[in-house]
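Kindly generate the complete structure, drawing on both the sequences and the hints.
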Amino acid sequence: MTLVLPPKPRTWPKTLLIAGALVAFTVLTCLPAIGGVELDFASIAKNWRHGASKLAQLAQPDFSFLPRTWVPMLETIQMAVVGAVVAAAVSVPLTLWASRPTNPNSVTRGIVRTIINVIRSVPDLVYATILVALTGVGALPGLITLFLFDLGVVVKLVSEAIDSDKHAYLEAGHAAGATQFQLNRALALPQSLPLFANQWLYALELNVRISAILGIVGAGGIGRLLNERFGFYAYDDVSVIILEILVVVILIEVASNLLRRRLA
Amino acid sequence: MSALPAPPSKTQATVWSVIAGLAILACLVFLDVDWAALLGLPKSSWEYGVLMFSDPTWSKLPRALFETWRSISMAWLGAIGCVVISIPLGMLAAHGVGPTWLRLALRGLFAVIRAVPEVIIALILLTVTGLTPFTGALALGIAGIGTQGKWVYETIESLNDDASEAVSAAGGGKAAVLRWALWPAALPTLMSFALYRFELNIRMSAVLGLVGAGGIGSMLSNYTNFREWGTVGMLLIVVIVATMLVDLVSGAIRRRIMEGSRARGLVRRR
Amino acid sequence: MTNTAHAAGAPASAAWPIRLENASVTYPNGTAALKNVTLTIEPGEMVAVVGLSGSGKSTLIRTVNGLVPVTSGSVTVGPHEVSALKGRGMRELRSNVGMIFQAFNLAERVNVYRNTLVGRFAAQNALRSFFGVASPDDRRMALEALDSVGMLDKVWTRAGSLSGGQKQRVAIARALSQDPRVMLADEPVASLDPPTAHAVMHELTRLNAERGLTVLVNLHLMDLARDYTTRMIGLRYGEVVYDGPAASATDADFEQIYGRRIQPQDRLGAS
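These protein sequence lines map, in sequence, to chains A, B and C. Following our numbering, the residues of the first sequence are numbered contiguously, the last one being 264. Following our numbering, the residues of the second sequence are numbered contiguously, the last one being 1270. Following our numbering, the residues of the third sequence are numbered contiguously, the last one being 2271.
Hints in this document: simulated from the structure, not taken from any laboratory. Predicted model only: the values in this text are computed from it and were never measured. We put the CB at the ideal spot given by N, CA and C, even for glycine. Misleading hints may appear alongside valid ones.
Sample of chain C residues with no beta-carbon within 12 Å of chain A, all distances over it, derived [to be verified]:
#1 Phe2130
#2 Lys2154
#3 Gln2256
Below, in silico cross-link-like pairs of lysine-lysine (BS3-like), each with a Cα-Cα straight-line distance of 25 Å or less [as the list claims (entries may be wrong)]:
#4 Lys2154/C with Lys1010/B
#5 Lys166/A with Lys156/A
#6 Lys1150/B with Lys156/A
#7 Lys1150/B with Lys1174/B
So, in structure tokens, the structure goes:
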């Protein structure tokens, strides 16, 4: 008895096309002539031996350097906190404007969303570099950078969460003759507070990580010290700073997780 | 009217709010900020905005596009490297795949890499291997392993057991379960995460350029130092457009992938 | 539009009639939900609208307060012609029309008091709304409304921790605090167990009797329509197929409205 099989679906042309596109894209990225990256594995091997001694130094932190790091580290934390708080305040009206249930007007909603998308397209250190040139070295450009970055994160994530939730109480509020503003202020805001709190804490965690490096371009915090020590090839000091950043980041994450559980 | 019950006590919330408020105030007050500059900010940002965007230096656009491709290439190759390493490692770090000691060791490695900010990983790598785009790609590849590995093992663990049980019941070993049950189910999500890694890398590559690895970031850094605002404005526009384009295309592809996988789970191929 | 003070339980401001004339609603996706409906509901009547899902009940009740606009024809509630209203005028109409829903539509994380206060928003000015401070009159009306439905002891409780029946009573209080002329109820008991359903229907009947409110209730259960309302309108595929006294509606009448034989799930059962 011979078996009659149904025809096998021809998926290979499509798969070939996708694989081909990926390979072509990758090849294009490896051509230095048009700006691609030159894959120079040989130089890696060569530099590696030079770098080995640097790595060895990194593995031996010099803890006597710690006292010099307290003030810059404190500045890092202060920038992170203030940036997160100011961004949290401003994020509330912006997020409500950017979400459909709380802002039925698609024009203003589109404008706010586009502005936020543009803000999110610029990396944090790019903001910092330009702001340092605008306002001078110090904590101010760092604060503004963190503020912009946090706005981008919080508004996008919370507005998407609000969009995907059901808000039946809004229909009842409209049926009672209330304005959108009244409903947003009295009901939508308390209802979405857990979403906000979640992202505000996340922004705080991100802030600590980012503000630690903003100093590399002069925007305040411990990054400046880090860059300076790098420049002097003092890798034992560098590793102490890195460890310190690690500790603070982990502490903030733990504290933030505890807060999340209390607030939820 | 019957008796109105007493409103709940607000003392605890008030006390905590006051403490939090004081802490935030302390951070603010002791921060060394040039408050005069802050007040002048709206005006000066308008002035600089005009300088940057009223007449962007389009003549330098070809060079900008060249450097943009360099950044995109760094991001792409870094993403490939990161994904290629993190998928096997992440799978081994998932419950029920590898031995416990390996799982814990790998998860610890991911956590450590994740905790250190990517720029610092990049700086360390760059000092070891030199300031070139290739090392930038390398740095992006290694720095992303922490987060990517975590996503991989979380994805594997969130798959339901049906297919794995079926393969084991038919006599397949760990490798067979991996190849025939876990891999096909996890593939769409893993591909989606890989594309997301590319999107994240695009932003990171500009930052690496700022610290010297080449690409659009280094061009931005140079012209900002030269205070050539017309060029800076043009570069910002290029960065914004390029990032938004990549996000758009990559986001659309990711949505197609996830929708496709959902559909395939429910409907047999005709 | 001043909703001035009045003692709880006394007759409300004079109830309004509802009039639909050739009202049709076609949704953007092409579904014709209502077809040429002409109805008059006198002030103070308690009317049930019955029909299966998809018969147009939800659409009909929402044309009364403008939540769904009519595509043709007219809807008149009291002195207001609904389709001509928007913005402030629409809000004024809605402030006189109370509505309760199948899913209660309360804000779960917000306490009962603030949920009830929503009924006073139409009368509240922007400054009070921004700071979340209600006027003494608004506060009193909200609390009295809660008291009249027996939910005053839960006034500071989060709405999310209440049972279904309690939530619906809070929703009724919210509507009552508007001092409305018309009460709309869209399947108010569909999510409630039989004893609670009977209690809520009883509440609606009481409001109709004590305050003389015009009440329009969507129901999908036959016995509730027969037991609690005086007039019944049957809808099928967007058209009125029955309009008569509720108590004397026979099973055959219901079969005509439903377009199928009566089934056990069409009856609620004893309280």
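Now the hints, each set against the structure:
1. Phe2130: 6 Å, violated
2. Lys2154: Correct as stated: the minimum Cβ-Cβ distance to chain A is 17 Å, above 12 Å.
3. Gln2256: The claim stands: Gln2256/C keeps its Cβ more than 12 Å from every Cβ of chain A (closest is about 31 Å).
4. Lys2154/C with Lys1010/B: This hinted pair holds, its Cα atoms lying about 17 Å apart.
5. Lys166/A with Lys156/A: Roughly 18 Å between the alpha carbons, so the hint for Lys166/A and Lys156/A holds.
6. Lys1150/B with Lys156/A: It holds: about 23 Å lies between the C-alpha atoms, which stays within 25 Å.
7. Lys1150/B with Lys1174/B: Roughly 21 Å between the alpha carbons, so the hint for Lys1150/B and Lys1174/B holds.
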